[in-house]
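K.L.:
Below are the chains, spelled out letter by letter.
Number of protein chains: 2
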Amino acid sequence: MDKSSIPKATLGRIPRYLTYLREISPERVPHISATTIAKALKLGEVQVRKDLSMVSGAGRPRVGYDTETLVSQLEDCLGYNQMTLAVLVGAGKLGSALLQYDGFRHYGVKIAAAFDSNEHALAAASKTEILPMHRFSDFCRENNVELGIITVGEASAQEVCDRMVASGIKAIWNFAPCKLQVPDDVLLQNESLALSLAHLRNRMSRN
Amino acid sequence: MDKSSIPKATLGRIPRYLTYLREISPERVPHISATTIAKALKLGEVQVRKDLSMVSGAGRPRVGYDTETLVSQLEDCLGYNQMTLAVLVGAGKLGSALLQYDGFRHYGVKIAAAFDSNEHALAAASKTEILPMHRFSDFCRENNVELGIITVGEASAQEVCDRMVASGIKAIWNFAPCKLQVPDDVLLQNESLALSLAHLRNRMSRN
Numbered sequence: 001m002d003k004s005s006i007p008k009a010t011l012g013r014i015p016r017y018l019t020y021l022r023e024i025s026p027e028r029v030p031h032i033s034a035t036t037i038a039k040a041l042k043l044g045e046v047q048v049r050k051d052l053s054m055v056s057g058a059g060r061p062r063v064g065y066d067t068e069t070l071v072s073q074l075e076d077c078l079g080y081n082q083m084t085l086a087v088l089v090g091a092g093k094l095g096s097a098l099l100q101y102d103g104f105r106h107y108g109v110k111i112a113a114a115f116d117s118n119e120h121a122l123a124a125a126s127k128t129e130i131l132p133m134h135r136f137s138d139f140c141r142e143n144n145v146e147l148g149i150i151t152v153g154e155a156s157a158q159e160v161c162d163r164m165v166a167s168g169i170k171a172i173w174n175f176a177p178c179k180l181q182v183p184d185d186v187l188l189q190n191e192s193l194a195l196s197l198a199h200l201r202n203r204m205s206r207n
Numbered sequence: 001m002d003k004s005s006i007p008k009a010t011l012g013r014i015p016r017y018l019t020y021l022r023e024i025s026p027e028r029v030p031h032i033s034a035t036t037i038a039k040a041l042k043l044g045e046v047q048v049r050k051d052l053s054m055v056s057g058a059g060r061p062r063v064g065y066d067t068e069t070l071v072s073q074l075e076d077c078l079g080y081n082q083m084t085l086a087v088l089v090g091a092g093k094l095g096s097a098l099l100q101y102d103g104f105r106h107y108g109v110k111i112a113a114a115f116d117s118n119e120h121a122l123a124a125a126s127k128t129e130i131l132p133m134h135r136f137s138d139f140c141r142e143n144n145v146e147l148g149i150i151t152v153g154e155a156s157a158q159e160v161c162d163r164m165v166a167s168g169i170k171a172i173w174n175f176a177p178c179k180l181q182v183p184d185d186v187l188l189q190n191e192s193l194a195l196s197l198a199h200l201r202n203r204m205s206r207n
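Note that the protein sequences, when read in sequence, are chains G and U.
With the numbering used here, the residue at position 174 of the first sequence is 174, and numbering never jumps.
With the numbering used here, the residue at position 115 of the second sequence is 115, and numbering never jumps.
So here's chain G without its partners, still in its complex pose (with noise of 0.2 angstroms):
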């Protein structure tokens, strides 16, 4: 099955299978159904079965996945072997929030700098080199930066955007709470936090 079809709540479960697996280590259990992996982690076992078969296939009857080669498989979908390397523009506190948080490596993403045109954003602490904007473009092209990340404010998006575009970045990561505008091979996804919250919002009223 093709891997890139893979739907979010999947994706969602893998690093749960994954860090279960390892855990048992494929050494000791060399095959696993996925019954037992249901049951170690509370799952349901239709729907465990149905996130393996998008990953590796239907395991062999009465005996299962094959665990080394599910776990590589588990690793492939979150792009283990394939780092994708980001950049972020916009080093407040968003910004900072994001490179601070640790979890995006267990999906294949690293932030490999951060980009700003405030002195003090360059002169704040960060794990994350953070860069004047003229370092932008060279750095992105040197590096193959495939990601950008957009955290600046809504009036200096659409220019950041662009010039994620023109330093080669392929796929655009949209904080700001506005429409941008790229070309049709750009791939674009816009993170509005206001919306998540009015839907919970919305959910509260139908209780």
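Hints should not be assumed to be uniformly reliable.
Each pair may be met inside one copy or between any two copies, as identical chains are not told apart.
Here are the simulated SDA-like pairs of lysine to any residue, each with C-alpha atoms no more than 25 angstroms apart in a straight line [unchecked claim]:
no., residue 1, residue 2
1, Lys8, Cys178
2, Lys50, Leu195
3, Lys127, Pro7
4, Lys42, Leu180
5, Lys42, Ser117
6, Lys127, Val63
7, Lys39, Asp102
8, Lys50, Lys110
9, Lys93, Asp184
10, Lys42, Leu195
11, Lys179, Leu193
12, Lys110, Pro177
13, Lys110, Arg13
14, Lys93, Glu119
15, Lys93, Leu131
16, Lys170, Val46
17, Lys39, Ala166
What the hints contain is simulated information worked out from the structure, not anything from laboratory work.
Starting from the known structure of chain G, fit chain U onto it as the hints suggest.
P.N.:
Here is chain U on its own, set in the frame of chain G:
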């Protein structure tokens, strides 16, 4: 139609409808059709028709919608006339970024106060009051807070969640990267930024 079943995508377009309808002003344009709105906002007519029918039923043939009624129905959807009060626990980088964000009130949610156990966080400059945790329960009860936002780390998220539930909060928006246990009558919405990024990365490999 039951307003609470409005899908997230429709919800996301409502602020644009509202902005437009207020601009044209109900006094000058007492009736308006879905077609006119669709053209003005460069949206598909079918989509606009569907969105509005969820909020206001079908427009009158050849007349359209009563503009003023439509505006107030759209406002109701976003909770304009019934602000939901929220509190946030964890005024670190992500928490501060959310506090700084101005967009939530457009969706009927007001963050009334933030709480933190850290002195530095308490001393930080913020438009929203940052209070010590020992005042949490009293504040929630006195102000009828209905919604709690968790932006603390994984280690203390469940404790914060339990405290929210004990203080009468009925819906929780969780940013901590862990599963939380809540009673059946409490709504829980997990926000996984890592998962959103993983989804984008996964879409990239399709291109």
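K.L.:
If a hint holds in the structure, say so; if it doesn't, say that too.
P.N.:
To see whether the hints hold, each was checked on the structure:
no., hint, result
1, Lys8 x Cys178, "both (23 angstroms within a copy, 17 angstroms between copies)"
2, Lys50 x Leu195, "between (30 angstroms within a copy, 19 angstroms between copies)"
3, Lys127 x Pro7, "neither (32 angstroms within a copy, 39 angstroms between copies)"
4, Lys42 x Leu180, "between (41 angstroms within a copy, 14 angstroms between copies)"
5, Lys42 x Ser117, "neither (48 angstroms within a copy, 34 angstroms between copies)"
6, Lys127 x Val63, "neither (45 angstroms within a copy, 60 angstroms between copies)"
7, Lys39 x Asp102, "neither (29 angstroms within a copy, 44 angstroms between copies)"
8, Lys50 x Lys110, "neither (29 angstroms within a copy, 40 angstroms between copies)"
9, Lys93 x Asp184, "neither (31 angstroms within a copy, 34 angstroms between copies)"
10, Lys42 x Leu195, "between (31 angstroms within a copy, 21 angstroms between copies)"
11, Lys179 x Leu193, "both (14 angstroms within a copy, 19 angstroms between copies)"
12, Lys110 x Pro177, "both (24 angstroms within a copy, 18 angstroms between copies)"
13, Lys110 x Arg13, "within (20 angstroms within a copy, 32 angstroms between copies)"
14, Lys93 x Glu119, "both (15 angstroms within a copy, 19 angstroms between copies)"
15, Lys93 x Leu131, "both (16 angstroms within a copy, 20 angstroms between copies)"
16, Lys170 x Val46, "neither (36 angstroms within a copy, 31 angstroms between copies)"
17, Lys39 x Ala166, "neither (49 angstroms within a copy, 31 angstroms between copies)"
Hints 3, 5, 6, 7, 8, 9, 16 and 17 from the earlier list are contradicted by this structure; the remaining hints agree with it.
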